[in-house]
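Student: Letter 204 of the sequence shown, counting from 1, is numbered 203 in numbering that gives the first Met the number 0, and no numbers are missing.
A few of these clues could be false.
Straight-line C-alpha distance at most 27 Å; calculated BS3-like pairs for lysine-lysine [unchecked claim]: (1) K14 <-> K522; (2) K14 <-> K505; (3) K522 <-> K505; (4) K414 <-> K487; (5) K160 <-> K88.
If you are wondering where the hints come from, they were derived from the structure by calculation, not from laboratory data.
Source: prediction; values computed, not measured.
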Amino acid sequence: MMKEKLMNGMQRFSKAMFIPVLILPIAGILIAIGNLFTNAKLIETVPFLDNPITMGFGMILSGSLVSILTNLGLIFCMGLAVGLANKKKSEAGFTAVLGYLVFINAMNKFMELNGSLFEGESLQGTGQTMVMGVQVLDMGVFLGIILGIVTALVHNKFCEKEFNNAFQIYGGTRFVFILLIPVVVLLAILFTYIWPFFQGGINSLGTLINQSGNFGIFLYGSLERLLIPTGLHHLVYTPFLYTSLGGIQEVGGQIFEGARNIYFAEIADPSVSILSRSVIWDARGISKMFGLIGACLAMYHTASPENKNKAKAILIPAVVTSFIAGVTEPIEFSFMFVAPLLFIVHAVLSGLSMVVLNLLSVRAIGPNGFIDFLLYNVPLGIEKTGWPMYVLVGIMFFAIYYMTFRFLITKFKFKTIGREDTGEETKLYSKGEYNESKTKKTSSSAVEEQGDTGLASAIVGALGGPDNINTVTNCYTRLRLTLNHPDKVDEIFLKNNTGASGVIIKDHNVHVVYGLQVSKVRKAVDHYLGRESEE
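Put together the whole structure using the sequences plus the hints.
Tutor: Right under this line is the structure:
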């Protein structure tokens, strides 16, 4: 029972992390666009850009968005509170912001009273920093994560508490804030004493990974892929990208923590000539943009002759999604369960690709596909990023994936796409198949039909009916549910008739993978169940 509760909590936390995390790449892309207008080499090539209007626009765009990176604690605090709140989510986010302000000021005043505030021109190396103009201990993103969780816990327990008579005004979410004040103040006092020990441990872990060199990078890259079936892979890369585990660097007089934050800050600063190397940097794009495409080509070439056209129709959309947007789950789930060895090999190769980039001192990134790769790296030039070598490494891993997957598929006769026995369905379903049968609908085509509840009805029925469904949420690619009786799930029907590319059942948690159409699928299911206001 305890294990199940722990897994449920981790699943919810992982899903809630998407709210702040998915905003940050948007900020990064806009910073990169702003950098285009101030890039000296680009201005020399395109004289039109050499004017105060476009250059000023670029400086304002990149400079203003860097402020997001310096206030990640607040962003994560509010985002997690909203994501973890069971109801009244907007009020939870508002309360989280209030709690964050109370915390930093309470810590500042307590540190002032006990004489622990550092007095000097620079706080670098002191373990203290300025947060929204207030000097406190440097807890970074961890402060936002802790306060977001605490706010959500208090909110979920007391947000519907009501009083009678004159005390009515203090009920509901206002009562949550009343209770949160002493909790947050006590936490501020407590962390003044204990956080330096936590920070020491975090720094030691980062140092250990850094000292372990390529093995640490390989372990990071492999684990990030291996945890995909659990949905907890976000918990591997997020700390390295947005906390001191991923490195600490001063850029333009400000201190930035985390590989992604350092990268964004440096591309926004024209004075930075060479991008620094973090302990771990965001180099997941090799497997997404190149490796898995080689795997798909291997699956196509090993498909049965009579199934090649069907396999091509299925694999091409998945390849485009992975290459352009960096969404790999539709491909990974096509072989994850029918050939687990291929998935292990994929994880190993993903880790190795990061090691190769590290050995070659390539600083380019492409975590969310080709669009990100172009915007982040090409404008910065070859000297800063070494992006041509990134492409060459990608081509090399395309060949490695292709040869390895083709050998293993034929050697062990894995039933990958196009190699299924009669009656088996181990594949992704294309939109073309929808037109072949009235009973087979892909998620995209079904949801586009306004007012059509056929898809939602099919999904709910395959999940054991409305009474079997406790909660419905979604992340970037998965419909996430908690069910009373997970043994009632009809996995084959979900794959064959609703466009799902994978189904994962862990205790009462069920994930159904629909790819980028999952938001539309979620809305259809919510509407069918009458739960539009649940999220």
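Student: It remains to establish, for every hint, whether it holds in the given structure.
Tutor: Hints and how they fare:
1. For the hint pairing K14 with K522, the CA-to-CA distance comes to about 17 Å; that is within 27 Å, so the pair holds.
2. Taken as a hint, the K14 and K505 pair is honoured in the structure, with Cα atoms around 15 Å apart against an allowance of 27 Å.
3. For the hint pairing K522 with K505, the CA-to-CA distance comes to about 23 Å; that is within 27 Å, so the pair holds.
4. Straight-line distance between C-alpha atoms of K414 and K487 comes to about 26 Å, which keeps the hinted pair within the 27 Å bound.
5. Between the alpha carbons of K160 and K88 the distance comes to roughly 16 Å, so the proposed pair stays at or under 27 Å and holds.
This entry satisfies every hint, going by the numbered hints stated previously.
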